[in-house]
Amino acid sequence: MDIQFHISTDEQAINPICDFTYSWCLNCGLSEQEATKFTIAVSELITDIILFAYPDKSQGFFELTFRQTLSDIELIASEVGEPFDPDKHRYNAQEAIKEGNFEGAGLRIIRRFTDEFLFINRGKEGKEFRLQKSVDVHKIDKLLELSRAEKPKEPEDTVSEISYNIKQIVPRDAEDIAKLIYRTYEYSYTKEDLYFPKKIEQTLAGKEKLGVITRSDKGEALGYFAILKKSDSNIAEVGEAVVSPRYRKKGIMSGMMEHLIRVAREHHFDALFGKAVTIHPVSQRVNKKFGFVSAGLMLLETQNVVFKGFDEDYPQPVSVVIDVLPLKHATSKEIYLPKKYHDILLETYNLLDIPITPKQHEYYKMAEKSDAELTINYADSTALIVVKKYGPDFRSVLREMLNSLIEQEDPNAVYLDLPLENSATPVQLGQLDGLGFFYCGLAPYFHNESDYLRLQRICIPFNFDLVDVHSEFGQHIKSFITDEYSKHT
Amino acid sequence: MNIKIRGGFNLWIKNMILNHINDNTRVLKIDLSKCKFIDSEGIIFLHQWHQEGKQLKLIDPPEEFFEILEILELDNSWQPNVINTNK
Chain A
1 MDIQFHISTD EQAINPICDF TYSWCLNCGL SEQEATKFTI AVSELITDII
51 LFAYPDKSQG FFELTFRQTL SDIELIASEV GEPFDPDKHR YNAQEAIKEG
101 NFEGAGLRII RRFTDEFLFI NRGKEGKEFR LQKSVDVHKI DKLLELSRAE
151 KPKEPEDTVS EISYNIKQIV PRDAEDIAKL IYRTYEYSYT KEDLYFPKKI
201 EQTLAGKEKL GVITRSDKGE ALGYFAILKK SDSNIAEVGE AVVSPRYRKK
251 GIMSGMMEHL IRVAREHHFD ALFGKAVTIH PVSQRVNKKF GFVSAGLMLL
301 ETQNVVFKGF DEDYPQPVSV VIDVLPLKHA TSKEIYLPKK YHDILLETYN
351 LLDIPITPKQ HEYYKMAEKS DAELTINYAD STALIVVKKY GPDFRSVLRE
401 MLNSLIEQED PNAVYLDLPL ENSATPVQLG QLDGLGFFYC GLAPYFHNES
451 DYLRLQRICI PFNFDLVDVH SEFGQHIKSF ITDEYSKHT
Chain B
490 MNIKIRGGFN LWIKNMILNH INDNTRVLKI DLSKCKFIDS EGIIFLHQWH
540 QEGKQLKLID PPEEFFEILE ILELDNSWQP NVINTNK
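So the protein sequences, as listed, match chains A and B.
Following our numbering, the numbering of the first sequence begins with 1 at its first residue and continues without gaps.
Following our numbering, the numbering of the second sequence begins with 490 at its first residue and continues without gaps.
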C-alpha cells in the first residue's frame with residue numbers, strides 16, 4: 001500500500017514527517033534502531049529538498065510516497081526544482097573540519113542509513129529520490145536455506161476418498177492458510193508473507209486479497225488458492241495455490257480455480273491474470289485448462305523461485321508467461337497498434353476475444369511534459385515503467401530514468417508499458433530506438449482498466465533455451481521475442 | 490543557555506536555537522535525553538559552535554549522534570563534552 005503526501009518546502013514540516021516516518025517504519029517491521037536511522041535518512045533528504053530544490057522561490061512543493069512490501073520499505077521523494085547531480089556533491093571530511101564546508105554530508109548519511117539510495121533524473125519531469133531498506137526476514141531466510149537442503153518428502157500414502165467443500169476465505173482462515181503453506185512446502189515457498197498469519201489477516205481484512213479455502217467435512221484445511229487485486233486497475237492476479245500433499249489429484253485444485261473464477265466474476269473484475277513460471281509447464285497447463293490465454297512473456301521476472309525439484313540447477317532468474325482470462329464482455333475499444341507489433345497484438349486480442357477497433361495513426365496533441373511512473377522490485381531486481389503521457393521530452397526522460405536505474409540499481413530486467421489507447425503510441429514507439437527495448441506482450445486492462453503494450457529490456461546474459469513455454473501461442477510469442485532480441489544483440 | 494530537545498534535532502530546531510541566542514551567548518548546555526533523531530544539520534551546528542571556541546555540554550546524546558560523527562569522520566578531531574546520566 002502506498003501512502004502519499006504533498007508537502008510544502010517549509011522546515012516546519014520536518015518534525016511531523018519524521019514522526020510519521022518513524023512510526024511507519026516500526027509498523028512495517030523495522031527495529032527501533034533501524035527505524036531511527038531510516039528516519040534520519042528521510043530527515044536529511046527532505047532538508048536538502050527544502051534548502052536547495054527551489055532556491056529562487058519562497059515556497060515550492062514536493063511529494064513523498066511511503067511504500068511497503070513484506071521484504072522492504074521504500075520512500076520516494078519527487079520534486080521539480082533545480083537540476084541536481086548527487087555525484088557532484090561528495091562529502092569531504094577535511095574540508096568540513098578545516099573550512100566548515102559540509103556539502104554532501106546529508107547524502108553520505110543517507111547512503112549509510114539505508115540499504116539503497118537511488119537518484120532518478122526524470123528530465124523536465126523533475127527528480128526522484130528513493131530510499132530503500134530491507135525488512136529483516138532473517139529467520140525466514142535461514143529456514144528457506146534449510147528447506148532447500150531438506151525438502152519435505154511427498155507423502156506416499158494418499159487418501160482414497162474425501163468429501164470436502166470450498167468456501168471463500170475470511171480473515172479467521174489466516175492461520176490455516178499459513179499452516180497449509182507450511183505443510184505443503186515447509187519453508188520453501190516463495191511468497192514469504194504467507195508464513196505470517198497476521199500479514200495474511202491484514203490483506204484479507206483490507207480486501208486486497210480474495211480467495212478460496214478447501215476444507216474437509218471435519219473442518220481440516222486441505223487447499224488454498226487466491227486472487228490478488230491489482231492496485232491500479234480492476235483486474236486481479238491468481239496465485240498462491242496449494243493443496244496439502246495427501247489430498248492431491250482429487251480435483252481440489254480444479255474445484256478451487258472454478259470457484260475463484262466465479263468469485264472474480266461476482267466481484268466484477270475485468271480480467272484475471274497469472275504469471276506462470278517457465279522452469280516447468282505445470283502452472284501454464286492449469287491456466288490453459290481454464291481458458292487463460294498467453295499474452296506475453298516477461299524475461300528474468302523473478303529470481304526468488306524455489307520450487308521442489310526445479311530450483312537448484314536453474315542458472316538464470318526465472319521468466320514468466322502472462323496468462324490472461326478476460327471476464328467481461330467488453331464493447332469494442334479503439335486501439336492504436338504500432339506497425340511493428342500490429343500482427344502479434346491483433347492475434348493476441350483475437351485469442352483473448354477482446355473486441356477492438358484498430359485505429360490508424362492520427363494527429364495527436366502531446367502533453368507539455370511526459371509522465372512516466374517507475375516501480376522498482378528490489379527483491380527480484382526488476383523495474384516497471386508505466387507511461388501515462390507523452391511529451392516532447394519522452395525519449396530524454398526515459399533515457400535518463402533508464403540510465404539512472406541501470407547505473408545505480410543494476411536490474412536484471414526493465415519493463416515498459418505503453419498505452420495502446422493513446423494515439424501517440426505508434427509514433428512514440430520510434431523514440432525508443434537504441435534504448436534496447438523489445439517485445440514482451442499485451443497487458444490488457446493492466447492500468448486504469450486500459451490496455452498496454454509491454455516492452456522489455458534485459459540487462460544480463462540470457463538463455464532462451466531454458467524457457468519452457470507450454471501453449472502454442474505462448475511459443476509463438478517466445479519465438480517472436482527471440483527473433484527481435486537477436487536483432488538487438 | 491540551557492536547552493532541552495524533544496523529538497528531532499534538525500534544521501527547524503537549529504534555526505529555533507539560532508533565533509534564541511545572540512552574540513553574547515557563550516555556553517550551550519543541550520539536553521538530548523529526549524531527542525529521538527539528530528541529523529547532520531544538528532551535528533554541523535554543534536560542531537561549528539565548538540569550532541568557534543564556545544562552550545558546549547551535551548547531556549545524553551542518542552547513539553546515532555556518535556555514529557554520525559564517525560560517518561562524517563569528525564570523531565577524531567572533536568570529542569564533545571558529554572554528560573551521560575544513564576549509567
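In short, the hints are calculated from the structure, not lab data.
Note that the structure is a prediction, hence the values are computed from the model and not measured.
Do not take every clue at face value.
[To be verified] Capping the alpha-carbon separation at 30 Å, the derived lysine-lysine pairs in DSBU-like fashion look like this:
hint : chain 1 : residue 1 : chain 2 : residue 2
1    : A       : K288      : A       : K230
2    : A       : K124      : A       : K288
3    : B       : K493      : B       : K503
4    : A       : K230      : A       : K478
5    : A       : K179      : A       : K229
6    : A       : K478      : A       : K359
7    : A       : K340      : A       : K369
8    : A       : K340      : A       : K328
9    : B       : K546      : A       : K98
10   : B       : K543      : A       : K98
11   : B       : K546      : A       : K88
12   : A       : K230      : B       : K503
13   : A       : K57       : A       : K230
14   : A       : K289      : A       : K365
15   : A       : K209      : A       : K198
16   : B       : K503      : A       : K57
17   : B       : K503      : A       : K98
18   : A       : K88       : A       : K124
[Said to hold, decoys possible] Here are the simulated distance ranges between beta carbons:
hint : chain 1 : residue 1 : chain 2 : residue 2 : range
19   : B       : G542      : A       : N101      : 16 to 26 Å
20   : A       : D433      : B       : D564      : 27 to 37 Å
21   : A       : H268      : B       : K493      : 14 to 24 Å
Glycine included, every Cβ here is placed at the ideal spot set by N, Cα and C.
What are the numbers of the hints the structure violates, in ascending order?
2, 11, 12, 13, 14, 20 and 21
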